[in-house]
Amino acid sequence: MSFHHSVGDGLSAYGWDAGLEESFASHRSAGLIPARVAGVDRGACDVITETGPLRARLSLPEAADPISSPCTGDWAALAPGHSPALVAVLPRRGVIVRSAASRSSHGQALAANVDTAVLAVPLAGELNPGRIERLLALAWESGAVPVIALTKADRSADPGQAVTDVAELAPGVEIVPTSAATGEGIDVLRAALTGTVVLLGPSGAGKSTLGNALLGTETLRTGDVRAQDGKGRHTTVRRQLVPLPGGGVLIDTPGLRGVGLLDADEGLRQVFADVEELAGQCRFRDCGHHSEPGCAVQAALASGELSERRLASYRKLQRENDWATSRNDARLRAQHDDRKKTITRSLRETYAFRDRQRRS
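Under the working numbering, the first residue of the sequence shown is numbered 4, with each subsequent residue one higher.
Bear in mind the hints are in silico, worked out from the structure with no lab data behind them.
Any given hint could turn out to be false.
Heads up, simulated SDA-like pairs for lysine to any residue below, C-alpha to C-alpha not over 25 Å straight-line [what the hints assert, rightly or not]:
id, residue 1, residue 2
1, K319, A299
2, K319, C285
3, K319, H292
4, K319, F287
5, K319, G307
6, K319, E129
7, K319, D289
8, K319, Q301
Pairwise CB distance ranges (calculated) [what the hints assert, rightly or not]:
id, residue 1, residue 2, range
9, R60, R322, 40 to 46 Å
10, S306, G128, 28 to 34 Å
11, G250, L130, 29 to 35 Å
12, L130, R322, 38 to 44 Å
The beta-carbon is built from N, C-alpha and C at its ideal position, and this holds for glycine as well.
Can you make the complete structure from the sequences, with help from the hints?
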């Protein structure tokens, strides 16, 4: 079966390619069909197949780590028939993960196999540098390329200054002032997107409005923003996956009230490349960047090259990431130990039963 014939136009529009077809060969020979997950809820999921959308039940063993459970953007193997079932998830090329909002030790997968992460930063109010740094770490860690969309630029007194301010937080990241109301920057942003695109940002940042501007249709639900604090309601209550008119796929996500980091070491290194580079110039390798002699970080603070806020944010996010990662690791170790104890107990009971049988 040739690649083009097997996927048809329907699935290739959602990102299916020759590499995925090759990795799917054993599933196809077992009579399974490929599908992309559009959304997951209550033990079932919405998927896109070669012949169109389907509702499928989840038929997978319970994952030790919830992050590996199916999420929007995953490629999967589906058992077709009267009651379609998702029976396997293909290896991911990356996944956007945050620490669970409940502050439990679990992580939460927001979207898988993402190529471009559009971080929606509204210009209708004060910029929140810490939130921008968190979203950037989330994006970089997933392997996606971040692009910052400064939304609601028509409501900013000085969008140019906002670009300058955000550029200091995001070296090397493309920053595009946009306005869905006037159409400003939409074409520029569209040109910066490739492959599977995810929209990330807080409620009220204008993600769905921006998504509709990129799609050229009113596909995504939008809501009003409260005037007193600029915050929006959760209009998008579940993830949606829609093909973009110029190629690629768009994933809209619910607004993120909190962006906790989990196992995001590489993402933090990318976001704070300036601090990391300074740290590498310190006299001592284990420098704590407080009062040690020859500390390049403290020298940069004194000269104004590095701000106190930036260093404090770097330290805070590192502490938070280390804490969440250690809790997640401890939980997974505990689950592994529990399984070992269950197996050992079962073996002991089996041996004891055999001994009794021999003696009788």
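For each hint, the structure was consulted:
no., hint, verdict
1, K319 with A299, "holds (19 Å)"
2, K319 with C285, "holds (20 Å)"
3, K319 with H292, "holds (14 Å)"
4, K319 with F287, "holds (22 Å)"
5, K319 with G307, "holds (20 Å)"
6, K319 with E129, "holds (21 Å)"
7, K319 with D289, "holds (18 Å)"
8, K319 with Q301, "holds (17 Å)"
9, R60 with R322: 40 to 46 Å, "holds (41 Å)"
10, S306 with G128: 28 to 34 Å, "holds (32 Å)"
11, G250 with L130: 29 to 35 Å, "holds (32 Å)"
12, L130 with R322: 38 to 44 Å, "violated (23 Å)"
Checked against the numbered hints above, the structure breaks only hint 12 and satisfies the rest.
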